[in-house]
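Enquirer: Chain residues, written in single-letter form:
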Amino acid sequence: MSALGLAVDPAALPAWAALAAALLLALGATIVLIGALGLLRLRTFYQRIHGPAIAVTLGAGSVLLASMVYFTASQSRPVVHELIIAAFLLATAPVVSMLVMRAAVYRDLRARKREAGATAGEVYTIPDEE
Amino acid sequence: MATLLELAIVYALVCVVAAMLLCTARLLIGPSAHDRVLALDTLWMCGMLLALVLGIRFGSQLYFEAAMLIALVGFVSTVAIAKFLMRGEVIE
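Chains as they are written, first to last, in my numbering: chain A, 1 to 130; chain B, 1001 to 1092.
Please note that the accuracy of each hint is not assured.
[To be verified] Among the chain A residues that face chain B by a calculated CB cut under 8 Å, a handful are:
| hint | residue |
| --- | --- |
| 1 | Val32 |
| 2 | Leu39 |
| 3 | Tyr106 |
| 4 | Gly121 |
Everything labelled a hint here was simulated from the structure, so no lab data went into it. Predicted model only: the values in this text are computed from it and were never measured. By construction, the Cβ of each residue, glycine as well, lies at the ideal position given by its N, Cα and C atoms.
Excised from the complex, chain A in its bound form:
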């Protein structure tokens, strides 16, 4: 038991595994924080939807990779079942953002919110004003 209460004694880990896991954890956590900051600080919904995208891909990917490296090194056998979560996230993140984005465009057009940004690229128009 170390001072932090780690169940696996980190002194028993190989140095390369501890270093790689630490760097990946720090990178992933920083990117998740930046994504959440973007979700809070950006101005319109169509800008805000970009925040979680980096958190899901690079942030969650780094943390999953760190978990794989840590358990592989601490148990001295390949532990790769985090790949299930990674594949699931990579498959579902585009579906989620596309559905939420389509719902937002649909609702903004129906509510005739000209200032919201749904009509910005002139792809969609507000129904009554054609």
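Following the hints, complete the assembly by docking chain B onto the known chain A.
Expert: Chain B only, in chain A's frame:
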């Protein structure tokens, strides 16, 4: 190196919890319904990452299963709410 890993774990926990707080702020201030859905989806994801980091901290494989369940349930619920926002019904 081992101390570096412990520091990184503490840093990751602080960052993920701060990210969850920022998502909660967006969930509360809205202003529209689809903003809240997006914030809730990010909150699910941060909760899953929190479970993974706690799994590394305690060296237990049980947290992996919790993270997988959170990812599955979060995806299904977000799709259901997005469908409801778009059409007013979940299953047409």
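Enquirer: The structure should be examined with respect to each hint, and the outcome stated for every one.
Expert: Here is how each hint holds up against the structure:
{"no.": "1", "hint": "Val32", "in the structure": "holds (5 Å)"}
{"no.": "2", "hint": "Leu39", "in the structure": "holds (5 Å)"}
{"no.": "3", "hint": "Tyr106", "in the structure": "holds (5 Å)"}
{"no.": "4", "hint": "Gly121", "in the structure": "violated (18 Å)"}
This entry does not satisfy hint 4, going by the numbered hints stated previously; all others are met.
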